[in-house]
Amino acid sequence: MSAGSSIVLTGVSKTFPGSDVPAVRPLDLEIAGGSLVVLIGPSGCGKTTTLRMINRLIEPTAGRITIGGADIRDRSVTDLRRGIGYVIQQVGLFPHRTIAQNVATVPKVLGWPRDRIRARVEELVDLVGLDRTLLPRYPNELSGGQQQRVGVARALAADPPVLLMDEPFGAVDPIVRSHLQNELLDLQAKVHKTIVLVTHDLDEAVALGDKVAIMNVGGVLEQYTDPDTLLAEPATEFVASFLGTERSMKRLALSRVADLELDDRLWADVGRGPAGLRVAMDATPSGWLGLVKDGRFAGWVDAEALAGAPTVDDLDPVPPAAKVSADSSLREALEVILTSRSAAAVVEDADGRFRGLVELEAIRRGLAR
Amino acid sequence: MRRRRWLVWGGIAVAVGALALWARARINGLSTETQATNPIVRWEWVFLREDTPSELWDATLQHLQLTLTAVAMGTVLAALLAAVALRFRWTFTPITAFTGFLYTIPSVALFGVLRSRYGSWVAALVALTSYTLLVLVRNIVAGIDGVPRSVTDAADGLGLGRVRRLLTVELPLALPVIVAGLRIATVTTVGLVGITAIIQLGGLGQLIFDGYNTDYTTKIVVGSALSIGLAVLLDLGFHRLEVLLTPWARRRSS
Numbered sequence: 001m002s003a004g005s006s007i008v009l010t011g012v013s014k015t016f017p018g019s020d021v022p023a024v025r026p027l028d029l030e031i032a033g034g035s036l037v038v039l040i041g042p043s044g045c046g047k048t049t050t051l052r053m054i055n056r057l058i059e060p061t062a063g064r065i066t067i068g069g070a071d072i073r074d075r076s077v078t079d080l081r082r083g084i085g086y087v088i089q090q091v092g093l094f095p096h097r098t099i100a101q102n103v104a105t106v107p108k109v110l111g112w113p114r115d116r117i118r119a120r121v122e123e124l125v126d127l128v129g130l131d132r133t134l135l136p137r138y139p140n141e142l143s144g145g146q147q148q149r150v151g152v153a154r155a156l157a158a159d160p161p162v163l164l165m166d167e168p169f170g171a172v173d174p175i176v177r178s179h180l181q182n183e184l185l186d187l188q189a190k191v192h193k194t195i196v197l198v199t200h201d202l203d204e205a206v207a208l209g210d211k212v213a214i215m216n217v218g219g220v221l222e223q224y225t226d227p228d229t230l231l232a233e234p235a236t237e238f239v240a241s242f243l244g245t246e247r248s249m250k251r252l253a254l255s256r257v258a259d260l261e262l263d264d265r266l267w268a269d270v271g272r273g274p275a276g277l278r279v280a281m282d283a284t285p286s287g288w289l290g291l292v293k294d295g296r297f298a299g300w301v302d303a304e305a306l307a308g309a310p311t312v313d314d315l316d317p318v319p320p321a322a323k324v325s326a327d328s329s330l331r332e333a334l335e336v337i338l339t340s341r342s343a344a345a346v347v348e349d350a351d352g353r354f355r356g357l358v359e360l361e362a363i364r365r366g367l368a369r
Numbered sequence: 370m371r372r373r374r375w376l377v378w379g380g381i382a383v384a385v386g387a388l389a390l391w392a393r394a395r396i397n398g399l400s401t402e403t404q405a406t407n408p409i410v411r412w413e414w415v416f417l418r419e420d421t422p423s424e425l426w427d428a429t430l431q432h433l434q435l436t437l438t439a440v441a442m443g444t445v446l447a448a449l450l451a452a453v454a455l456r457f458r459w460t461f462t463p464i465t466a467f468t469g470f471l472y473t474i475p476s477v478a479l480f481g482v483l484r485s486r487y488g489s490w491v492a493a494l495v496a497l498t499s500y501t502l503l504v505l506v507r508n509i510v511a512g513i514d515g516v517p518r519s520v521t522d523a524a525d526g527l528g529l530g531r532v533r534r535l536l537t538v539e540l541p542l543a544l545p546v547i548v549a550g551l552r553i554a555t556v557t558t559v560g561l562v563g564i565t566a567i568i569q570l571g572g573l574g575q576l577i578f579d580g581y582n583t584d585y586t587t588k589i590v591v592g593s594a595l596s597i598g599l600a601v602l603l604d605l606g607f608h609r610l611e612v613l614l615t616p617w618a619r620r621r622s623s
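In order, the protein sequence lines correspond to chains U and R. Quick note: the first sequence uses this note's numbering, first residue 1, plus one each step. Quick note: the second sequence uses this note's numbering, first residue 370, plus one each step.
Check the hints yourself; a few may be wrong.
Claimed, not checked - One side of the interface only, derived from the structure: several residues of chain U facing chain R at Cβ under 7 Å:
id : residue
1  : 90
2  : 105
3  : 138
What the hints assert, rightly or not - In silico negatives: residues of chain U with every beta carbon more than 10 Å from chain R:
id : residue
4  : 16
5  : 18
6  : 68
7  : 79
8  : 114
9  : 115
10 : 151
11 : 316
12 : 319
As the list claims (entries may be wrong) - Among the chain U residues that face chain R by a calculated CB cut under 7 Å, a handful are:
id : residue
13 : 75
14 : 78
15 : 81
16 : 86
Read the hints as simulated data drawn from the structure, not as lab findings. Note that beta-carbon positions come from the ideal geometry of N, C-alpha and C, so glycine has one too.
All chains, please: the whole structure from these sequences, using the hints.
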């Protein structure tokens, strides 16, 4: 597997013939090798034009684009494109070719031996999560989601370092879309390509992008940063209005509970004994203390119960109503806390071991920066 | 598919049956005297005369030869014209205007003028070929234009190159429309070949003209029936070819 090459756009602009207004104004963009960058913006912002200039489906009017340091004009157009995966919204599978033949398109053009092509096709079909029994079928016998997976497999066939995706999930229904998005992230974790993805769906951009480039009409780059910074600190009025009023809610989906600073005053280990627990109780803001025994959460006690218990074993802690895993997003944690009507939720790792207690205040602090 | 084939053959059978019944009724309705001298079909000419089978065979063969040669030449020429029209879009209108103009020339006139200079065979083939061009050029261009934009975009994005895209993607996908044009051109040409009888060719047309000149309806009926049969067979043949070449078009997801 060849990992991704960096892509650098320097002063790249495009004015279409017969138009006075540039579709893309001189644009500088650096895309790190192996990262997934999302181009997003309203219609007419030149995001698709920018994408298509990278594989020269559109020739820039001015400027320079390099992939892995080499100017894309140094190679022939067909040679360049065979080294760049390309996935589009309508998939564009060849209806007269079987799935196997579709995936094999570029290797066949490159003259790979037949055995190597067959092995590669099977490897790719497994990689994108398709059943091998689909290989002899024709595209119109597959569902939209399956077709899109074939499209990705076809794009990756010759193991290109760069993958361009133009609204790849725009034509499938929302449930399949979120499946495919997660699969793309899993895939990217395995192949480490440099992926440039165009979308108009903000949630998709935030969920997929290592970095997000927000573009304004006429190909003006408004902000280029990671999703959390984007949502927390929009650079311009345009970006703020494009992101909309639910920025904080979107950020909740980005951060994990494990990243929060949790409040240690909310709980104590039963090993401290009744006296120690009473000291800990005095420090809690809520009047309830979480008890942890042998690394696991035992339950809640209030001050009255603690005062009347001569030994730790006499306590009868109330079992927790809310639990989240450390991998959960803040959004899931918030949901659990609000529906259980507790002040705090127990955070556990995958083995059920106690990791801390998260309450609304911790979530609020996590977003404030 | 099975149902459609059934309908085609059923229709042919009904037509032939109706013709036979009508001919029989006519024969029976005439007086013995007229019937003896001038029936619609003299079955003894068809079945008992010694030279009839070889004459019919030769006429049919010549008809087939003229038709297929003209359609083949027309296809090659139309492919070239269509390639030009697709490469340089502005030429499409002049090319269809020109082939359309050829189509409007009365065939009788064209056969006559060309024969006086080049002889019967060349005259017949040039004229017949030129009449196939309009429908063939239009259908080739329409077929290739009909390939979905997303498919050609994907082909470009994968780095297929112009020629490879045309041969391996656009042409196969345009095949149904191109074959539809071929079928129309062929059936039309089968009919037109008959008229080349005026320049001493004509295949089955020669038979029809003979019958016309000598007031011998048997030859007209037999010549027409064979000509129709030839057209239907060629049409079905091309349809069969299309089905064989486009296996993907038949399979659909359930």
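Hint check:
no.: 1; hint: 90; result: 4 Å, holds
no.: 2; hint: 105; result: 6 Å, holds
no.: 3; hint: 138; result: 4 Å, holds
no.: 4; hint: 16; result: 17 Å, holds
no.: 5; hint: 18; result: 16 Å, holds
no.: 6; hint: 68; result: 17 Å, holds
no.: 7; hint: 79; result: 7 Å, violated
no.: 8; hint: 114; result: 17 Å, holds
no.: 9; hint: 115; result: 22 Å, holds
no.: 10; hint: 151; result: 8 Å, violated
no.: 11; hint: 316; result: 60 Å, holds
no.: 12; hint: 319; result: 50 Å, holds
no.: 13; hint: 75; result: 10 Å, violated
no.: 14; hint: 78; result: 4 Å, holds
no.: 15; hint: 81; result: 3 Å, holds
no.: 16; hint: 86; result: 3 Å, holds
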